[in-house]
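Protein chains: 6
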Amino acid sequence: MPYINIKVTDENVTKEQKRALIRGATELMVKVLNKEPSTTFVLIDEVNTDNWGIGYEQVSEIRNIIK
Amino acid sequence: MPYINIKVTDENVTKEQKRALIRGATELMVKVLNKEPSTTFVLIDEVNTDNWGIGYEQVSEIRNIIK
Amino acid sequence: MPYINIKVTDENVTKEQKRALIRGATELMVKVLNKEPSTTFVLIDEVNTDNWGIGYEQVSEIRNIIK
Amino acid sequence: MPYINIKVTDENVTKEQKRALIRGATELMVKVLNKEPSTTFVLIDEVNTDNWGIGYEQVSEIRNIIK
Amino acid sequence: MPYINIKVTDENVTKEQKRALIRGATELMVKVLNKEPSTTFVLIDEVNTDNWGIGYEQVSEIRNIIK
Amino acid sequence: MPYINIKVTDENVTKEQKRALIRGATELMVKVLNKEPSTTFVLIDEVNTDNWGIGYEQVSEIRNIIK
Chain Y
19 MPYINIKVTD
29 ENVTKEQKRA
39 LIRGATELMV
49 KVLNKEPSTT
59 FVLIDEVNTD
69 NWGIGYEQVS
79 EIRNIIK
Chain A
19 MPYINIKVTD
29 ENVTKEQKRA
39 LIRGATELMV
49 KVLNKEPSTT
59 FVLIDEVNTD
69 NWGIGYEQVS
79 EIRNIIK
Chain C
19 MPYINIKVTD
29 ENVTKEQKRA
39 LIRGATELMV
49 KVLNKEPSTT
59 FVLIDEVNTD
69 NWGIGYEQVS
79 EIRNIIK
Chain B
19 MPYINIKVTD
29 ENVTKEQKRA
39 LIRGATELMV
49 KVLNKEPSTT
59 FVLIDEVNTD
69 NWGIGYEQVS
79 EIRNIIK
Chain Z
19 MPYINIKVTD
29 ENVTKEQKRA
39 LIRGATELMV
49 KVLNKEPSTT
59 FVLIDEVNTD
69 NWGIGYEQVS
79 EIRNIIK
Chain S
19 MPYINIKVTD
29 ENVTKEQKRA
39 LIRGATELMV
49 KVLNKEPSTT
59 FVLIDEVNTD
69 NWGIGYEQVS
79 EIRNIIK
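Chains as they are written, first to last, in our numbering: chain Y, 19 to 85; chain A, 19 to 85; chain C, 19 to 85; chain B, 19 to 85; chain Z, 19 to 85; chain S, 19 to 85.
It is possible that some hints are incorrect.
Unchecked claim - Partial chain C-side listing against chain A, Cβ under 7 Å, derived:
(1) M19
(2) P20
(3) I24
(4) K25
(5) L39
(6) G42
(7) L46
(8) V50
(9) N82
(10) I84
Simulated from the structure, these hints should not be mistaken for lab results.
Positions of the beta carbon are idealized from the N, C-alpha and C atoms, including for glycine.
If we strip away everything but chain Y, and leave its shape as in the complex, we get (with noise of 0.2 Å):
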C-alpha cells in the first residue's frame, strides 16, 4: 500500500520518462519492501522553475546564469 511522490521541475519530462519513474518506484517497493503493486500509488509533479527555489534563487534563474 505505498505512497510515492515524486516532485521535479517541468522541463520536458516524457511521458516514456515518467512511465520509467512510475515502474522503478513500484519495483522499490515490491523488491525493499516485498509490497503490494496493485496497491501502489506513483504520483509526479512536475514544478514550474519560478516556483521552485534552491540556495536563495529560483531554479529558472539558475538555468539563465548556467546557460
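Using the hints provided, position chains A, C, B, Z and S relative to the given structure of chain Y.
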C-alpha cells in the same frame, strides 16, 4: 483547524463536484471531530493521468486498455 | 484511485474517530466522483500542537490562553 | 536540508513575489535553525480558487460574494 | 533537484531497508532523468496502521482479519 | 489563506525555534502577498535522520561520518 488534501486524476471534475468534495470533507471534520469549519481547509489536486501510476502502469495506459 | 490526506492536531483522536474519518472520506469519493473504494487511500497525520501555527501563534499557546 | 512547501491560491503571484518567498523562507531556515541554504528547497504551489475551500465554501465563490 | 516522498505503514521497516529505499529512489532519478544526486532528497514517512485506510477500512483492522 | 509546510530533521528543534518559524513564515505571507494571518497555517514536520536521504545517503550516516 484541519487541513484536507484530496488528490484525484484530472478527468473532468466539475466545479459542482469540487464544491461537493469541499462541503463533504468539511462536514466530516465537524461531525467526527467537532472541528471549526471556518478554519478547515480543503485542497483538491487534479493530477494528469500520465503522472499517476498504479500496479506499475500509468493511469492513461490503463484507461486506453479498457477502451 | 483517490488519495486523501487529513491533517489534524494530535489531541486524543480515538481509533473509532479515525475509522469514521476513513469511512466518511472514502464514501465522499464514491458518492461525488463514483470512485472505486478498493483503491481509495485515506491517510491521517496527527500533528503536535507545538508544530502547528495559525495567526502567528502555536496551537499549544492558543490552547493555554483559552484554558 | 530543509524542505518548505508554500501553497497559495493562483491569483497573479508574480515572478518577483515568488523570488521574495524563496529568499525569505530560506533566510528563515538559516536564521532560526542555522541551516545550509545550498540544500534548502522551497516549492510554491499555486492552487486554483475552485480547488481551495474554507468554511464549507470554494474560494472562487467567496471572492464572487465580496465583489 | 528532485524531492521524493515515500509513505509506508510503520511495520518494522529496518534502517537497512530505509537505506535501500533512499539509494534506489536516488538512482532512479539519476538513470531516468539524469538528475544530480547531491541535491536529490528522499523522505520516508512511516504511518501508523490505524491512520491508513483503504477500501473503507483501517489497515490495522485488515491485518487483524488476515491473522 | 496560505498553507506552509516546513520539513526539517528532528535534531532538537526547541519550542522557541518552532514559534520563530511559525511567526517568520506567517510574516512572509503578510509582507510579500498581503495575506491574512488569521487564516495562515504553518505546519512543521520533524523527520528522523534515518528517514531522510540526500546524495544516496541517510542523514544519520552523514552525521556519523562528520563526527
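* Go through the numbered hints given earlier and state which of them the structure violates, listing their numbers in rising order. => As far as the earlier hints go, 9 and 10 are violated by this structure, in ascending order.
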